[in-house]
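Asks: What follows is the residue order along each chain.
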Amino acid sequence: MTARAMTCREVIDLLTDYVEDALPTQERRRVEAHLATCDGCTTYLEQVRKTIRLTGMLTEEQIPDEDKQRLLAAFRDWTRSGSPGG
Amino acid sequence: MLRIARMYVSSRAVAEDVVQEAWLGVVKGIERFEGRSSLRTWIYRIVANIAKTRGAAEGRVVPFSALVGDDETDRGVEPSWFHDANSRSPGGWKAIPEDWRGIPEDRLVGNETLRRIGLAIQTLPPLQAEVIRLRDVLGWSSDEVRNALDLSEVNQRVLLHRARTRVRRELDAYLRTGSEDA
Numbered sequence: 004m005t006a007r008a009m010t011c012r013e014v015i016d017l018l019t020d021y022v023e024d025a026l027p028t029q030e031r032r033r034v035e036a037h038l039a040t041c042d043g044c045t046t047y048l049e050q051v052r053k054t055i056r057l058t059g060m061l062t063e064e065q066i067p068d069e070d071k072q073r074l075l076a077a078f079r080d081w082t083r084s085g086s087p088g089g
Numbered sequence: 008m009l010r011i012a013r014m015y016v017s018s019r020a021v022a023e024d025v026v027q028e029a030w031l032g033v034v035k036g037i038e039r040f041e042g043r044s045s046l047r048t049w050i051y052r053i054v055a056n057i058a059k060t061r062g063a064a065e066g067r068v069v070p071f072s073a074l075v076g077d078d079e080t081d082r083g084v085e086p087s088w089f090h091d092a093n094s095r096s097p098g099g100w101k102a103i104p105e106d107w108r109g110i111p112e113d114r115l116v117g118n119e120t121l122r123r124i125g126l127a128i129q130t131l132p133p134l135q136a137e138v139i140r141l142r143d144v145l146g147w148s149s150d151e152v153r154n155a156l157d158l159s160e161v162n163q164r165v166l167l168h169r170a171r172t173r174v175r176r177e178l179d180a181y182l183r184t185g186s187e188d189a
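Protein sequences appear in the order of chains A and B. By the count of this note's numbering, the first sequence reaches residue 89 at its end, each step adding exactly one. By the count of this note's numbering, the second sequence reaches residue 189 at its end, each step adding exactly one.
Isolated chain A, as found in the complex (with noise of 0.2 Å):
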């Protein structure tokens, strides 16, 4: 194969498409080639997945609501507030 070996960094960036299944055949080929030989990416593809996985665990209500976020955040700053430019 002729194509110039990828950077981490541009592997980093494609781990989605190559873990929905959506690189062209050439490109999933450098992707792996690169896993194949690097262990940093090889363990934040690992990542990634457990990611998806750890994810997949958590039901609707785990996602807290936004307004209550909101009330918690403004009371955050509130309670700050007494320092200035806080």
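Quick caveat, the hints were computed from the structure, so don't treat them as lab data. Just so you know, these numbers come straight off a predicted model, no measurement behind them. Any given hint might turn out to be false.
Said to hold, decoys possible - Here are the computed distance ranges between Cβ atoms for each label pair:
no. : chain 1 : residue 1 : chain 2 : residue 2 : range
1   : A       : Ala39     : B       : Ser18     : 45 to 55 Å
2   : B       : Asp113    : A       : Pro27     : 34 to 44 Å
3   : B       : Leu126    : A       : Ala39     : 30 to 40 Å
4   : A       : Arg7      : B       : Glu41     : 42 to 52 Å
As the list claims (entries may be wrong) - Lysine to aspartate or glutamate pairs mimicking EDC-like chemistry, simulated, CA-CA at most 16 Å apart:
no. : chain 1 : residue 1 : chain 2 : residue 2
5   : B       : Lys101    : A       : Asp42
6   : A       : Lys53     : B       : Glu105
7   : A       : Lys53     : B       : Glu177
8   : B       : Lys59     : B       : Glu23
9   : A       : Lys53     : B       : Asp106
10  : B       : Lys101    : B       : Asp91
11  : A       : Lys53     : B       : Asp113
12  : B       : Lys59     : B       : Asp157
13  : B       : Lys59     : B       : Asp24
14  : A       : Lys53     : B       : Asp179
15  : A       : Lys53     : B       : Glu112
16  : A       : Lys53     : A       : Glu23
17  : B       : Lys101    : A       : Glu13
18  : B       : Lys101    : B       : Glu85
19  : B       : Lys59     : B       : Glu28
Quick reminder that beta carbons are idealized off the backbone N, C-alpha and C, glycines included.
Starting from the structure of chain A, add chain B where the hints point.
Replies: Same frame as chain A, now just chain B:
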């Protein structure tokens, strides 16, 4: 449904209105539903369309960029993690990511971890949050999400990529704090 509506209109009250109108639309339009998309994506689209119209009428045009977020402000990956162009290995990791294997399983899948993921999702730009919620929490297919949110295939993936990248980063930060966090 309320969440979708909330992306486009100014208040919860208006969003609730939108949802009600959407249900009416669903009831009236159900005969026209042709089954080309799944029922749930069809309902989503109805909500989104009504909400967009209502938002526009309110003079509240939400710029697409505000819903999507941009690479600069909500980065899940820092350029500084990689060697720059002049180094011996441009674009390579400066420090290899530490794997999560040493983390005990019960902590990794613990309630606190899941809570952190929920929080991370909640702070994403709205469309990113919606895409990751539908794809990874509810398990919809990419086609369903595209249809429901009226996104191109590429946009759907870009949003999903940013969302997952961000969540991974938050998760990594949390898992590295050890068990001493408050």
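Asks: Range first: 45 to 55 Å. Now tell me if the beta carbons of Ala39/A and Ser18/B are that far apart.
Replies: Given range 45 to 55 Å: holds, Cβ gap about 53 Å.
Asks: Need the status of pair Lys59/B, Glu23/B: alpha-carbon distance at most 16 Å?
Replies: Measuring from Cα to Cα gives roughly 14 Å; hence the hint holds.
Asks: Verify the proposed pairing of Lys53/A with Glu105/B, using a straight-line Cα cut of 16 Å.
Replies: Judged against 16 Å, a Cα distance of about 14 Å means the pair holds.
Asks: Quickly compare the C-alpha distance for Lys53/A and Glu23/A to 16 Å and report which way the hint goes.
Replies: holds, 14 Å
Asks: Are the Cα positions of Lys101/B and Asp42/A separated by 16 Å at most?
Replies: Since the Cα atoms of Lys101/B and Asp42/A sit roughly 12 Å apart, the hinted pair holds (cutoff 16 Å).
Asks: Could you grab the alpha-carbon distance between Lys53/A and Glu112/B and see if it respects the 16 Å cut-off?
Replies: Judged against 16 Å, a Cα distance of about 12 Å means the pair holds.
Asks: Given the hint that Lys101/B pairs with Asp91/B, does the C-alpha gap stay at or below 16 Å?
Replies: holds, 9 Å
Asks: Are Leu126/B and Ala39/A spaced within 30 to 40 Å by their CB atoms?
Replies: holds, 35 Å
Asks: Holds or violated: Lys53/A with Asp113/B, Cα cutoff 16 Å?
Replies: holds, 14 Å
Asks: Lys101/B and Glu13/A: Cα distance at most 16 Å?
Replies: holds, 14 Å
Asks: Checking one constraint from the list: CA of Lys59/B to CA of Asp157/B, max 16 Å. Satisfied?
Replies: holds, 12 Å
Asks: Is 42 to 52 Å respected by the C-beta to C-beta distance linking Arg7/A and Glu41/B?
Replies: Holds - the Cβ-Cβ distance for Arg7/A and Glu41/B, about 48 Å, lies within 42 to 52 Å.
The earlier numbered hints are all upheld by this structure, with none contradicted.
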